[in-house]
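Put chain D on the given structure of chain R with help from the hints.
Just so you know, the sequences run in chain order R and D.
Per the numbering used here, residue 1 is the first one in the first sequence, and the count goes up by one each step.
Per the numbering used here, residue 1 is the first one in the second sequence, and the count goes up by one each step.
Here are the simulated DSBU-like pairs of lysine-lysine, each with C-alpha atoms no more than 35 Å apart in a straight line:
1. R:K191 to D:K107
2. R:K191 to D:K112
3. R:K191 to R:K111
What the hints contain is simulated information worked out from the structure, not anything from laboratory work.
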Amino acid sequence: MAAATPGRQSPSKARARSGWFASRTAEIVLPIAVGLSVIGLWYFVSYVVLSERRRFVLPPPHKVVAVGFLDGHNLMSELEGLWTTTRVAVAGLLIAMVIGFLVAILMSQAKWIETSLYPYAVVLQTIPILALVPLIAFALGYSFWSRVVVCVLIAVFPIITNTFFGLQSAEPAMHDLFTLHRADRYTRLVKLQVPASLPAVFTGLRISAGLSVIGAIVGDFFFRQGDPGIGLLIDTYRNSLQGERLYASIILSSLLGLAVFWLFGALGKAVTGSWYRPTSG
Amino acid sequence: MSSDKAVMLQFEGVGMTFPDGTVALEDVDISIGRGEFVALLGPSGCGKSTLLRIASGLQPETSGRVETTTDQVGYVFQDATLLPWRTVERNVGLFAELEGMGKTQTKNEVAKTLEIVGLSAFAGHYPRQLSGGMKMRVSLARSLVLHPELFMFDEPFAALDEITRQSLNDEVLRLYGAEQFTGVFVTHSVAEAVYLSSRVVVMAARPGRVKEVFDVPFGYPRTAELRYDPAFAELTGLVSQSLRGAH
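This is chain R alone, in the form it adopts within the complex (with noise of 0.2 Å):
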């Protein structure tokens, strides 16, 4: 039994390596494939399927950079446009932020405010924020902070019950030790549930910095006054049928969302890393 154990031993852990390897190699390998067949396809429609005349809808991969990136001129009004809505998508975010922690908290400390607000936190998500952005844009102005208040209505909600779920994380024995010790409600806040929460509230603030950059750009297309958003550039491209400035502006916007998206994950690591490991890893 004893004298088998080394030989049973090896085998599997050579499984094991081959396996870590296999799978490493598959996480390079694998979406670069992906991204190489997306861009084939995306000549085989341009080139073939599309006649010459129709070829704005989709110009090639490399007019699009030669046009949309490699053109200082066009560069850099691209590269404003998205300043503008990283500036919206920014000032939404960190309002969101606010907002949805003060909620978070208050529905933590009291069942009663739990009950009297979560419906109208359920409520805001179930409104088709879109719809409501003419409105806002004629109740507030044309103003960068009407943009900031589709961003917030926006991104909100997954920040108020990302966080309200993480303050109810904690264990009830783990409840039990503060309850022990007479901690009042601000210790069991700061040192229990708050702690408690980072993990759940990293989710929500990833989810919501990626809403926050589309209220932007959709915020972008109804507000026509002020700074031009990359939203804005993209409408402006598409009925001018410059096809290589707007797919430029539209792989810029997704390259924003990813940066921020990026960002969220890179500082909930940061800062709960060297203790939370999420189950599925």
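Here is chain D on its own, set in the frame of chain R:
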């Protein structure tokens, strides 16, 4: 039967009925003297953990009275319940922090206590890096920092393997010898109950009540040899028999 020493913890006709009418405890009388080590032994559902929660004030009794003569109480749960975002060091300092002990004093006490439970080398580790037995040591240390006069254990080692459990039993005995606290230890292991305590209270279920009380005649300090003593085997046999009839 009970000692003539000052009473540390006393249950007088304690009963606990849940709102749905389930009687968890009925008319429990136990008196625990200062410096005693009492094991509460019983099948699951006999209310032994509930009794401890009542004693510590985590749950109110629905009838009878509980009296403690100290407010320096240590409590160890079945799970280690360490805060995963705190290192071992900061987990051990938690209770001291909640009780308002100064920073420097906390630091010193924590260092001393980690030394006692043999975890100094792990001060900077997070709970997820520790084994089950080590987590339990941290949990013990966390209460030990405050030098409790009354130490309650709620089936602390039930989830551990037998070897780890025995070594932690020895640890508890060593701490009992050094700190002179009064111990109340809830368990469903007969050997653990007899090995640790000076008195074993066997409880029966439905409703939870005291069935029989055994005095354990072996003196302290105890060593692992006691486990192989025929007298130990004889007493665990008697207690087991009593427990068998308790379901």
